[in-house]
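Those protein sequences? They're chains A and B, same order as listed. Going letter by letter, the first sequence gives residues 1 to 179 in this note's numbering. Going letter by letter, the second sequence gives residues 1 to 316 in this note's numbering.
Some hints could be false.
[Stated by the list, open to error] To spell it out: a stretch of chain A is covered by chain B in this simulated footprint if at least three of its residues, at any positions, have a beta carbon under 8 Å from a beta carbon of chain B; those stretches are: (1) 69-76; (2) 79-93; (3) 113-121.
It is worth saying that the hints were derived from the structure and are not from the lab. Positions of the beta carbon are idealized from the N, C-alpha and C atoms, including for glycine.
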Amino acid sequence: MTARLVLQSADITRALTRISHEILESNRGASDLVLLGIPTRGIVLARRIGEILDSIEPGSGTVGFLDVTMYRDDLAKNPTRAPSPTQIPAGGIDGKTVVLVDDVLYSGRTIRAALDALNDIGRPRAVRLAALVDRGHRELPIRADFVGKNLPTSSSERINVRLLEVDGVDEITIEGGDA
Amino acid sequence: MRHLLSTRDLGRDEAVAILDVAEDMADVADREIKKLPALRGKTVVNLFFEDSTRTRISFEAAAKRLSADVINFSAKGSSVSKGESLKDTAQTLAAMGADAVVVRHQASGAPSVLAQSGWIDAGIVNAGDGTHEHPTQALLDAFTIRRRLHGASARGRDLDGVTVTIVGDILHSRVARSNVWLLSALGAHVSFVAPATLMPIGIRGWPVTVGYDLDAAIAAKPDVVMMLRIQGERMNAAFFPTAREYARQWGLDDERLAKLPASSLVMHPGPMNRGLEISAKAADSAQSTVLEQVANGVSVRMAVLYLLLSGNAGEK
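Based on the sequences and whatever the hints tell you, model everything.
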């Protein structure tokens, strides 16, 4: 099985820069914006988007992370998952616009869990979703507001998002499938 | 993890992993909505053959915060007082669909009997069996020490090089036994201080140093002093002449507290006999972690129940 490279470091940076501008545009500025990354790689992406937002409008990149492990609907079907920490920025999320950030949007179940988790933490004014890759195959009525790249895939394929901070390299590859 | 019966089975990495999950659970306690949906639809039975307030309430709070259903069963006022055997009780609980059973029993080994008998297919948590073990107490003690020493950066760390002195009725103490195995697995050095009559026989193989003089132990400036309760209900032989003599020799009184370094922690698993093994001043001092231990108990028990009950039953 060979892995096909679909996005390189420069492509990822470009996609994140575009997403950052889109976030600012749809929010009409940077006020009351909170980015929440979903572990593991969503955290890295949220931090990067936060830095870009900061460089466009200083002070706008408020970043936290949100663990959704305890809210998953497949806890009983898989081996025990260790949760990871949640960190909500000091101002909380009440009345803010929360942008959830994840690496790959697939079934939508992780985002469903994230929405439930947010519910227990506070009441944001609005929740948006940013994903670096949208690979389709949704199982729930959920869509992303900001997408880095749409990658039509077969469900037998595997998308690997590797990021410098976690994996030592910035790249997105597709593996497996019949192609 | 299928059961939690003894801290002796826990290696360093496994213990650190449980403490890390407990850190995440502790974060939930700071939120307005202190509840997680992780164990919805699971049933936890608190099966208590021996009196207990804090352990039972702590397990109950932990299970409820994870959205599990809790059934409390105490031997008093139940069919056990009519002579029902452990086997029949267990099979009754199994028939009611218990997913986890938290057991406290006056007989050492009762939880492992339940775990190995095949009477019931639930996860078993030992909440204190006779004079054998009390693993969740040791986990919460380790968690409390780690949090006080390392603060916010505690995740992933062990207790390497920490010196812990456990004082008092070691002979009857399941807390001391569980702590020895867990704390030494985490890299801490444990020492026991007790009257010779309250020191267990056959202690040589344990990873502890043994002493009989509390003043000498305090002069060695331990990082942690853990006072054990003098268990009135088990004092059925002449272990020491009088309570006052015990308090003079082995109690943490105000004078000994003053000699202890200000950074040393004073721990007690509760309930305390103020004026006997610990003075009121020591119990209420800033060094005392007694109430933190209670709060942390809920987080640690949430972690244990989560690790026991989430995940598919296939992995055993």
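Residue count check for the region 79-93 of chain A against chain B: does it reach three with CB-CB under 8 Å? holds (count 8)
Are three or more residues of the region 69-76 of chain A within 8 Å, CB to CB, of chain B? holds (count 5)
Taking beta carbons only, do three or more residues of the region 113-121 of chain A come closer than 8 Å to chain B? n = 3 at 8 Å, threshold three: holds.
The structure agrees with every numbered hint stated previously.
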